[in-house]
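Top line first, the protein sequences correspond to chains A and B.
All residue numbers for the first sequence refer to numbering that gives the first Met the number 0, where the first residue is 0 and numbers rise by one.
All residue numbers for the second sequence refer to numbering that gives the first Met the number 0, where the first residue is 0 and numbers rise by one.
These are computed hints drawn from the structure, not numbers from a lab.
Incorrect hints may appear among the rest.
What the hints assert, rightly or not - Label pairs and their computed distance ranges (CB to CB):
no.	chain 1	residue 1	chain 2	residue 2	range
1	A	Gln-110	B	Lys-271	18 to 26 Å
2	A	Gln-6	B	Ile-341	26 to 34 Å
3	B	Ile-345	A	Gln-110	51 to 59 Å
4	A	Gln-57	B	Ile-345	48 to 56 Å
5	B	Met-257	A	Gln-57	31 to 39 Å
6	B	Ile-341	A	Leu-27	38 to 46 Å
7	B	Lys-271	A	Pro-113	23 to 31 Å
8	B	Thr-350	A	Asp-21	47 to 55 Å
The beta carbon of each residue, even a glycine, is placed where N, CA and C say it ideally should be.
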Amino acid sequence: MQLRIQQLLPVYFDEARKSNSDIWGKDLSFSKGEMIKIVAPSGSGKTSLVHFLYGMRQDYNGSILYGDKNIKQFGAEDFALHRKDNISVVFQDLRLFPEQTVGENLEIKRQLNPFHPSEKIKEMAERLGIGNKLQSKAKICSYGEQQRVAIIRSLLQPFDFLLLDEPFSHLDNNNSEKAMELMLEEAKQREACIIFADLERIDYFPYTKLFHL
Amino acid sequence: MLLLLCSLQMFINIQQLLTRNSIRKNGSDFVSIAKNITNENMGKDNRFSSADIAELKAQPFIEDAAPLIPNLFRVQASAGQMVNFSSDIFIEALNNNFIDTVPPTFTWVENQPTLPVIFSSEFLEMYNVFAPSWELPQLSPATATNVAISLHCEGKLGERIFIARIVAFSDRVNSILVPENFLEWANKTLEGQDSTKSSRVFIKTKDANNSDLLKFLDQKDYRVNKDKTMFGRSKQILQGIITGLGVFGLLVILLALMLFSFYLQLVIARSKDNLQLLLTLGYSPAWLSQNMAKQFMPVYIFVVLTGLALTQVMQWSFHHFVMYDRPELSSFVDWVVIAAAILLIILSIITNYRLVKRLLYRMF
Chain A
0 MQLRIQQLLP VYFDEARKSN SDIWGKDLSF SKGEMIKIVA PSGSGKTSLV HFLYGMRQDY
60 NGSILYGDKN IKQFGAEDFA LHRKDNISVV FQDLRLFPEQ TVGENLEIKR QLNPFHPSEK
120 IKEMAERLGI GNKLQSKAKI CSYGEQQRVA IIRSLLQPFD FLLLDEPFSH LDNNNSEKAM
180 ELMLEEAKQR EACIIFADLE RIDYFPYTKL FHL
Chain B
0 MLLLLCSLQM FINIQQLLTR NSIRKNGSDF VSIAKNITNE NMGKDNRFSS ADIAELKAQP
60 FIEDAAPLIP NLFRVQASAG QMVNFSSDIF IEALNNNFID TVPPTFTWVE NQPTLPVIFS
120 SEFLEMYNVF APSWELPQLS PATATNVAIS LHCEGKLGER IFIARIVAFS DRVNSILVPE
180 NFLEWANKTL EGQDSTKSSR VFIKTKDANN SDLLKFLDQK DYRVNKDKTM FGRSKQILQG
240 IITGLGVFGL LVILLALMLF SFYLQLVIAR SKDNLQLLLT LGYSPAWLSQ NMAKQFMPVY
300 IFVVLTGLAL TQVMQWSFHH FVMYDRPELS SFVDWVVIAA AILLIILSII TNYRLVKRLL
360 YRMF
């Protein structure tokens, strides 16, 4: 399965952006198994790109194709299926249920399309050092802890593509590496592609392709 | 809900009570009608023309209509030696199909000196009431049929005497009836006129209490035997009241549904962020709306079933305490009411599901 972008440019960017970007206005395709690193300074449209690829926003020109289907043609139900089966994401702004516990936040995602058994949640949480937070409400966890919850959540479903939008912004190197290791393992299990957008290069992400946004 | 279901049940009760109670012969009601005589139309001709009768026959709720043809000549009756009584009377003729008791002897051929007569049972009763004070013998129906009455018919063109014999008594027609062909012949021979117009018309109808019929008669200003249509009159009023109540109940339900939909919108608006996040995570809007609708389903079902149960209690009490277990009615609610309740449940579930779904899709 391939994720392709053709002449993609947000409507609010001017054409000049195309000349000094590896992604905007280009034709690219990402395949399963690839590790894509996108280095993007602030304001270069990193979050926009992730939102476009995930289908949350449509304010762009050009097209995004999943297989041979243009995702702009997707209806609400199509997107629901797409997100359930094919694509997962770690948002920069995390998007957890603040009133729900960490455990509930994770279980909500797992139950949608179980890839792992329920026990796996505990195991992953232990591995990233938030095993004792499963019963706490998400809103009282620190931002770093919430970031790890969001990372684990993204790994509880099947996917061909995993989109990461600055997933380690509030994690120290040690925790980031542990999280990266977990994500790589999970991606490998699914032979999935990781599209990792961050401000700068990170050494412990073994990318196969590097783009500057 | 209770109001609506109760009105529906009462409506059905009234229908059942009144259709089963009305007096029927051969499944039809026979009613005689006449034009209303008022001070305004007193001088005019208030008889039915053949056009009037054709119009009556054309009405869907009137199966048939026949005029009561009157005598146009003078008729004097005397009973001879046995009953020393003599009086001017009137005779009428009516199509045999409209008479309840027609014996085979009720025929007349020209030059036949005897005349069969069908006599109103009420007239006989009336006679028996005043007979003693006039020193006349009271008569049983059997004796009355043996009395030979001499009818002295006198018109412009001549006079004839016939020996009349009562061959039957009628409960339906308040008149002295003779065979149709006799009166036609007599009117022509003695008075030189065709018997076309009549003051009374008999109509045959499926239901004398039919509101369309009553409306039509009112509109034409025709007078009808009040007794026979009294049920229909009270039915009209009762049904009006019950329908009014039903409409009110319907309005209340509509209002309640609206209120509930506002409440639902509020609930959705309050949890908008959570719902949006669920959609972002990949939950299907159709699935979510189904689940939301399911949350409210028990409330609806509970409300409707409670309404139904109370209607049942009401119907039972009505039947038992007010109607003293009359056999025409049932102690249980009619299936129409149950069907209406089920319909209401389905309707409210569907409208809610659609509302939630629309709101969720808008959120996407």
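Outcome of range test on Cβ distance (B/Lys-271, A/Pro-113; 23 to 31 Å)
holds (27 Å)
Outcome of range test on Cβ distance (B/Met-257, A/Gln-57; 31 to 39 Å)
holds (34 Å)
Could one say that the CB atoms of B/Thr-350 and A/Asp-21 fall in the range 47 to 55 Å?
Taking Cβ atoms as reference, B/Thr-350 and A/Asp-21 lie about 52 Å apart, which means the hint holds.
Hint check for B/Lys-271 and A/Gln-110 - Cβ pair distance inside 18 to 26 Å:
Holds - the Cβ-Cβ distance for A/Gln-110 and B/Lys-271, about 22 Å, lies within 18 to 26 Å.
Please check whether B/Ile-345 and A/Gln-110 have a Cβ separation lying inside 51 to 59 Å.
Given range 51 to 59 Å: violated, Cβ gap about 30 Å.
Cβ distance range 26 to 34 Å for A/Gln-6 and B/Ile-341, holds or violated
violated (57 Å)
Measuring from beta carbon to beta carbon, are A/Gln-57 and B/Ile-345 in 48 to 56 Å?
Because 37 Å falls outside the window, the suggested range is violated.
Does the Cβ distance between B/Ile-341 and A/Leu-27 fall inside 38 to 46 Å?
violated (58 Å)
Consistency note: the structure conflicts with the earlier hints numbered 2, 3, 4, 6.
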